[in-house]
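**Q** Residues per chain, in single letters:
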Amino acid sequence: MINKFKNLLQEDEICETREMPEKIKMIVEDFDLWYGDNQALKSIDMEVEENKVTAIIGPSGCGKSTLVRSLNRMNDTISSVRTSGNVWLDGMNIYEDGCDEVDIRRRIGMVFQKPNPFPFSIENNVFYGCDVNDMDVDKDETVERCLKDAALWDEVKDRLDENALSLSGGQQQRLCIARALATEPEVLLMDEPASALDPIATAKIEDLIDELKKDYTVVIVTHNMQQAARISDYTAYMYLGELIEFGETEQIFENPQKENTENYITGRFG
Amino acid sequence: MKLKKILSGWIFIISLIFAVLGFVSFAFDFHFIKINFWTGIAGLLILSGSYYFTSIYYYFKYKSWKFIYLIIFATILIATAAIFIMLPDKINLWKQPLGLFDEPIGAVILKKFVLNQMIAILGVISASIAFAPYYGFGKRFGQRSAYILVYGCIVFTILPLILIIYQIVSNGMMGVTWSFLTGDITYDGVGGGIGPAIVGTLGLIAVVTIIVLPLGVGTAVYLAEYSERGPIVRVIRTAVNILQGTPSIVHGLFGFTVFVPIFGPSLLTAGLTLAILTLPIVIRSSEEALIAVPDEIRDASLALGGTKWQTIKKVVLPPALPGIITGTVLGLGRAAGETAPILFTGAVFFGAGYPDGLFSKFHALPYHLWSLFGYMGYKPVEQNAWSTALVLILIVLGINVTAIILREKFRQRF
Numbered sequence: 000m001i002n003k004f005k006n007l008l009q010e011d012e013i014c015e016t017r018e019m020p021e022k023i024k025m026i027v028e029d030f031d032l033w034y035g036d037n038q039a040l041k042s043i044d045m046e047v048e049e050n051k052v053t054a055i056i057g058p059s060g061c062g063k064s065t066l067v068r069s070l071n072r073m074n075d076t077i078s079s080v081r082t083s084g085n086v087w088l089d090g091m092n093i094y095e096d097g098c099d100e101v102d103i104r105r106r107i108g109m110v111f112q113k114p115n116p117f118p119f120s121i122e123n124n125v126f127y128g129c130d131v132n133d134m135d136v137d138k139d140e141t142v143e144r145c146l147k148d149a150a151l152w153d154e155v156k157d158r159l160d161e162n163a164l165s166l167s168g169g170q171q172q173r174l175c176i177a178r179a180l181a182t183e184p185e186v187l188l189m190d191e192p193a194s195a196l197d198p199i200a201t202a203k204i205e206d207l208i209d210e211l212k213k214d215y216t217v218v219i220v221t222h223n224m225q226q227a228a229r230i231s232d233y234t235a236y237m238y239l240g241e242l243i244e245f246g247e248t249e250q251i252f253e254n255p256q257k258e259n260t261e262n263y264i265t266g267r268f269g
Numbered sequence: 000m001k002l003k004k005i006l007s008g009w010i011f012i013i014s015l016i017f018a019v020l021g022f023v024s025f026a027f028d029f030h031f032i033k034i035n036f037w038t039g040i041a042g043l044l045i046l047s048g049s050y051y052f053t054s055i056y057y058y059f060k061y062k063s064w065k066f067i068y069l070i071i072f073a074t075i076l077i078a079t080a081a082i083f084i085m086l087p088d089k090i091n092l093w094k095q096p097l098g099l100f101d102e103p104i105g106a107v108i109l110k111k112f113v114l115n116q117m118i119a120i121l122g123v124i125s126a127s128i129a130f131a132p133y134y135g136f137g138k139r140f141g142q143r144s145a146y147i148l149v150y151g152c153i154v155f156t157i158l159p160l161i162l163i164i165y166q167i168v169s170n171g172m173m174g175v176t177w178s179f180l181t182g183d184i185t186y187d188g189v190g191g192g193i194g195p196a197i198v199g200t201l202g203l204i205a206v207v208t209i210i211v212l213p214l215g216v217g218t219a220v221y222l223a224e225y226s227e228r229g230p231i232v233r234v235i236r237t238a239v240n241i242l243q244g245t246p247s248i249v250h251g252l253f254g255f256t257v258f259v260p261i262f263g264p265s266l267l268t269a270g271l272t273l274a275i276l277t278l279p280i281v282i283r284s285s286e287e288a289l290i291a292v293p294d295e296i297r298d299a300s301l302a303l304g305g306t307k308w309q310t311i312k313k314v315v316l317p318p319a320l321p322g323i324i325t326g327t328v329l330g331l332g333r334a335a336g337e338t339a340p341i342l343f344t345g346a347v348f349f350g351a352g353y354p355d356g357l358f359s360k361f362h363a364l365p366y367h368l369w370s371l372f373g374y375m376g377y378k379p380v381e382q383n384a385w386s387t388a389l390v391l392i393l394i395v396l397g398i399n400v401t402a403i404i405l406r407e408k409f410r411q412r413f
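Taken in order, these protein sequences are the chains called W and G. According to numbering that gives the first Met the number 0, the first sequence holds residues 0 to 269 in order. According to numbering that gives the first Met the number 0, the second sequence holds residues 0 to 413 in order.
There is no bait here: all hints are sound.
In silico DSSO-like links for lysine-lysine, alpha-carbon gap of 27 Å or less:
hint, chain 1, residue 1, chain 2, residue 2
1, G, 313, W, 147
2, W, 138, G, 307
3, W, 138, G, 313
Label-pair distances were calculated between CB atoms; the ranges are:
hint, chain 1, residue 1, chain 2, residue 2, range
4, W, 75, G, 240, 27 to 35 Å
5, G, 146, W, 75, 48 to 56 Å
6, W, 223, G, 150, 47 to 55 Å
7, G, 312, W, 28, 31 to 39 Å
8, W, 223, G, 240, 44 to 52 Å
9, W, 139, G, 257, 52 to 60 Å
Some chain W residues well away from chain G (every beta-carbon gap over 10 Å; in silico):
hint, residue
10, 23
11, 156
12, 160
13, 248
Don't read these hints as lab results, they were simulated from the structure. Idealized CB from N, CA, C, for every residue including glycine.
Please work from the sequences and hints to get the whole structure.
**A** Here is the structure:
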C-alpha cells in the first residue's frame, strides 16, 4: 500500500531525460562543485560504463571523494555545497529538482572509507536498506543473498544476531558492502574501501569487486595505483579538482597522453 | 644518613597523624573525635621542636642550610600556638562547647570546621615538608607531591558530600518510621508525617517528565540534526543558556504571573514551571548525546536511501538514548529538590492532603522542609526537618541511581 502510494508520487515527478549511449550507465556532464567559495570540482566530464569497474585516482585533496559523493548526491548533506552541471543515470538527470535524492541513493549504493556498520545486529545491518525503503522482500533470504555476495556468509552465518561492531575491520567493511547490496542498487560507489584494511582483507575486497561487476556497475576511488591497475577497466585521473585524463586502465597506465598523468603514475609526485 | 631517615620519617608520621585527626574531626564534627585544646598545642610544639632539631642537625652534619625553611615554619607554628594560648577564653572558640541550634550559624561553622580544617591543613603542610628530606628532592618528589595534591583535591571535593550525607543520615534516621512516611502533615510541624509531601513530590516529577521529555528531546534533535549554523540557532542556544542561568525564584515568579492565572495554584502549574527550569538541562545533555553519535553512521543510513527522519529515528536516537536519559533524569533530580519555583505556584504547607488531580494544590518535600525551618530550635520540629531532608535526599539519590541503571542498560558502543 505504502509502496503503491510512493510509486504514484514518483510517477508524478517529471525528471529531465535524455538518450544514453549504449552500455553507458552514468554520464557526468560539465559538473562543478563549490564548498563555499572554494571550487572543488571543475567542469568534470566522465562516463561510467555498465558492468565495469571505473577507478578514480589522484593525489590527496584532488576531489576524487567529492566526485564520487556527487554521483549519489551525498554532498547534499553538507550545507555549504553548491553544484552546477548534470549527472545522468539511465537517461535521468539526478540533479534535477524533481528528482528524489533518497530514491537516487537507493539505486546508487555507497561504501565508505572507514567501515561504518550500525551499532546493531549483523542481520539488521544488512536489512536496514530494505527496511527504510519499505521493500517487500523476505528478510532471511535477503540477508543470506547479500552476505553471500559480499563473501561474508560463511564467517557470520552462525552469529547473525550479534552486534556488527564485534566483527573485525575487514569483515565490517564487507558487511558494509553487503548492506549496500541489499537495496538492489544498479551502481555501487566505493570511496577508498580498502584504505583502512590490512593486505589480506584488501585482497578479499578486491576479489569481491571483481565478482560484483558481473551484476553491478562499480565506481571506486583509490589512492593506491596498483589497486586501480589490478581491478579496474577504466581509470580517471584527477588533479586539483580537474579530470586530467580518462580512459581504459591499460591505456592510462601504459600509455598516458598527458604529462601530469605520467608523472603521477610513475611516482614522480603524489 | 640513617638518622636523617628515621628523623624525617618520624616527623612525617606525626604530621600525618595530625592531618588525619584534623580531617576526621572536620568531616565528622566533634561528636566522637575531639582534639583537646592542650593536646593540639602540645602537638604543635612537638612538631616545631622536631623541625628545629632537623634543620640544626643538618647544619652541623652537612654544613648545609638546605632545611632553613623548617626553622621558619617551626617559628610560625610556635607563634600560632602562642596566639591560641594567649587568646582570652571568651573568644577562643576552640575552648568553648558546641551547639548547633542555640548559636548563630557563623560561630558554629567557625568552631566546627575552620579550626579543624586549619589543623588538617597544617598537618598536610607539615607532612609534605617532612616528606622532602625523607625522600629527597628532585623528580620523584615532584611527582609524589603532584600526586598528593591531586588526591587532596579529590578529598576536598567529596568531603562536603560525605559531610552532608553523614549529618542528614545521623540526625534524620531515627525519625523515619512507617507512620512518619505515611502520616498526614500537622499544622505546626510537630508529630504527624510527610506522606502527602512524598506523593506530591513524586507526582510533580511525573508531570515534569511528561512535559519536559518530548519538548527537550525535540529541541535537541532540531539543534543537533536539522539546524544549520546561523542566527536562528545562535538565538536558540543563547536563549537556552540564559534560561539555564536564570535564578529559580525568577522561574517561580514567571509561573506565578503566567500559569497561575490560567490553571490556578496547582500540581500542573508547578509542573510547568519546573519543566521550564529543567528544559535547558535536558536540551543540552540530549544535544551533546546526539552530537556524540558519529557522522559516519548518519552517512551510511542516508546512502542506503534512508530519509533524514528515518536516520534520526533508527540510527541516531538509539545510541544517543543513554545520554538523553541520563540528562533528563539528572534534570528531574534537580526539579525534585527545587523549592523556589513551587513556592508561588501550588505548594502549600498544610491542609492540601494527597493530591487528587492535576489541578489540586499539593505538598512537596523541599517546600515542607523550608516551612519547617520557620520552627527551627524546637526539637520535635527539628527531628521532622532532618527526617524530611533524609527522605528528600533518598528520593533524589534514587532518581540518580535510576539514571545510572538505565544508562548501563541502554548503553551501546560504537
